[in-house]
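Make a model of the complete structure from these sequences and hints.
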Amino acid sequence: MLRIFQSIFGSDTKQHNYPESLVKAAIERAVDGTDPWIRAVSGYKKKLRPAVIQTINHVIALVDALAPPLAFSSGSYGSDPKVRAFFISLEDMRKILANDRNLADFLKGPGGDSARIIALLAMEKQEKGIIGVELSGDIVIHGVPQVTVSFDGHRLLDPTDNEEETRRQLKRRAYDHLLSLALRRITFVKSEREDLARRRSLLQVKLNMLEREGWGFNEAGSTESPDIAGLEERLGQIEAQLLELGGDDRMLEKYLEILADVLNNPEEHLWSRTETLFVDRMGIKRSEAADDTPELTLNVLCNAEGRSIVAMLIALSGDELRKC
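So in this note's numbering, spot 76 of the sequence shown is number 76, and the numbers just go up one at a time.
Since the hints were derived computationally from the structure, they do not count as laboratory data.
Yeah, the Cβ is synthetic: ideal placement off N, Cα and C, and Gly gets one too.
Please note that the accuracy of each hint is not assured.
Stated by the list, open to error - Pairwise CB distance ranges (calculated):
1. 265 to 112: 35 to 45 Å
2. 90 to 288: 24 to 34 Å
3. 36 to 78: 48 to 58 Å
4. 184 to 162: 30 to 40 Å
What the hints assert, rightly or not - Result set (DSSO-like, lysine-lysine): computed pairs, CA atoms no more than 27 Å apart in a straight line:
5. 285 to 95
6. 24 to 47
7. 128 to 82
8. 82 to 285
9. 254 to 46
10. 125 to 82
11. 323 to 82
12. 323 to 108
13. 24 to 254
14. 46 to 24
15. 82 to 95
16. 254 to 190
17. 95 to 323
18. 24 to 45
19. 125 to 95
20. 128 to 95
21. 190 to 47
22. 45 to 190
What follows is the structure, encoded as structure tokens:
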């Protein structure tokens with residue numbers, strides 16, 4: 001099925017125009033990637049079909065919007081301030097590339113002798129407030145509030161020997177990421193229900209015990225009595241919460257609803273935004289561009305869990321990498 005599914009994101013794929021066999025494969029991948037028991041729900045394919053198509057459209061647009069690959073090499077580090085801004089030094093860039101597991105695996109594989117390698121560079125942007133110095137003419141001003149910008153957590157995703165293939169793999173990755181977000185929501189509901197069921201059992205046991213003992217015979221002199229009414233109220237609240245989540249026979253339908261909701265609204269769970277920064281050679285954030293302060297236009301991928309990464313396509317020299 002994986003091979004069939006991959007072709008959904010082929011070069012000849014047009015938005016809103018997918019062969020039915022491929023849509024079905026994408027539906028089955030969505031179920032396999034979350035809870036295969038969803039197949040027990042009558043009509044699950046029909047319910048998921050429009051949501052799956054919506055998500056395929058979204059991830060295609062998301063990846064197609066990425067800018068063309070930026071050349072990364074020893075030469076471009078020295079000549080392109082945009083490349084230089086992402087690394088502490090040339091040695092740092094070389095070390096990161098040399099230690100990247102995905103890139104190393106690709107270089108060991110069939111495409112390892114490629115002259116040009118395309119990959120997605122993902123990294124986290126960090127901003128930190130400091131007290132620094134400014135030069136105003138010939139005067140050095142101390143105690144100036146500044147913001148430093150740095151990038152860390154560099155990693156390469158889906159390296160291949162051509163841009164089209166890398167983009168296709170990134171579309172599949174984005175689709176799978178949305179499935180992982182749906183799975184996390186499903187897992188949360190499962191855990192919540194299991195916790196409520198466990199608390200219900202404990203309260204019921206306690207209530208039964210107190211009722212068997214005549215609703216509480218306390219030791220002489222004790223002024224406290226079991227709060228039977230309170231126990232019954234808490235038990236009723238838990239029963240209501242469980243009823244809202246659904247009984248055992250409704251849980252699979254609930255999981256299907258969660259999956260369909262995520263895939264029907266992919267733009268609410270995974271999206272990109274553009275951020276423009278001006279950062280000088282010292283990594284200080286400035287208000288405008290200058291000779292030593294290039295304008296950086298960043299593509300930031302965000303998800304519904306609050307995570308964000310800077311993502312950009314890059315082109316690496318295979319010959320240079322093999323010499324490292």
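So, going through the hints one by one against the coordinates:
1. Take residue 265 and residue 112: their Cβ atoms lie about 40 Å apart, and the range 35 to 45 Å holds.
2. Hint check: residue 90 to residue 288, Cβ distance near 27 Å, so the stated range 24 to 34 Å holds.
3. For residue 36 and residue 78, the Cβ-Cβ distance of about 52 Å falls inside the hinted range of 48 to 58 Å, so the restraint holds.
4. A hinted range of 30 to 40 Å for the beta carbons of residue 184 and residue 162 is consistent with their spacing of about 33 Å.
5. Taking the CA atoms of residue 285 and residue 95, the gap is near 25 Å; set against the 27 Å cutoff, the hint holds.
6. Proximity of residue 24 to residue 47 is assessed by CA-CA distance (about 12 Å); at most 27 Å being required, the pair is judged to hold.
7. Between residue 128 and residue 82, the direct Cα distance comes to roughly 20 Å. Compliance with the 27 Å bound is thereby established for this hinted pair.
8. Between residue 82 and residue 285, the direct Cα distance comes to roughly 14 Å. Compliance with the 27 Å bound is thereby established for this hinted pair.
9. Of the supplied pair hints, the one linking residue 254 and residue 46 holds, its CA atoms being roughly 16 Å apart against a limit of 27 Å.
10. This hinted pair checks out: residue 125 and residue 82 have alpha carbons roughly 14 Å apart, not beyond 27 Å.
11. At roughly 24 Å between alpha-carbon atoms, residue 323 and residue 82 fall within 27 Å of each other, so this suggested pair holds.
12. Of the supplied pair hints, the one linking residue 323 and residue 108 holds, its CA atoms being roughly 14 Å apart against a limit of 27 Å.
13. Among the hinted pairs, residue 24 with residue 254 is consistent with the structure: their alpha-carbon atoms are about 21 Å apart, no more than 27 Å.
14. Restraint check for residue 46 and residue 24: the C-alpha separation of about 10 Å stays at or below 27 Å, so the hint holds.
15. In summary, the hint linking residue 82 to residue 95 is supported, as the alpha carbons are separated by about 18 Å, within the 27 Å threshold.
16. A threshold of 27 Å between alpha carbons decides the hint, and for residue 254 with residue 190 the separation of about 10 Å falls inside it, so the pair holds.
17. Proximity of residue 95 to residue 323 is assessed by CA-CA distance (about 13 Å); at most 27 Å being required, the pair is judged to hold.
18. Distance hint between residue 24 and residue 45 is fulfilled; the C-alpha atoms sit about 8 Å from each other, no more than 27 Å.
19. Between residue 125 and residue 95, the direct Cα distance comes to roughly 19 Å. Compliance with the 27 Å bound is thereby established for this hinted pair.
20. About 24 Å separates the Cα atoms of residue 128 and residue 95, which keeps this hinted pair within 27 Å; it holds.
21. A threshold of 27 Å between alpha carbons decides the hint, and for residue 190 with residue 47 the separation of about 21 Å falls inside it, so the pair holds.
22. At roughly 22 Å between alpha-carbon atoms, residue 45 and residue 190 fall within 27 Å of each other, so this suggested pair holds.
Consistency note: the structure conflicts with none of the earlier hints.
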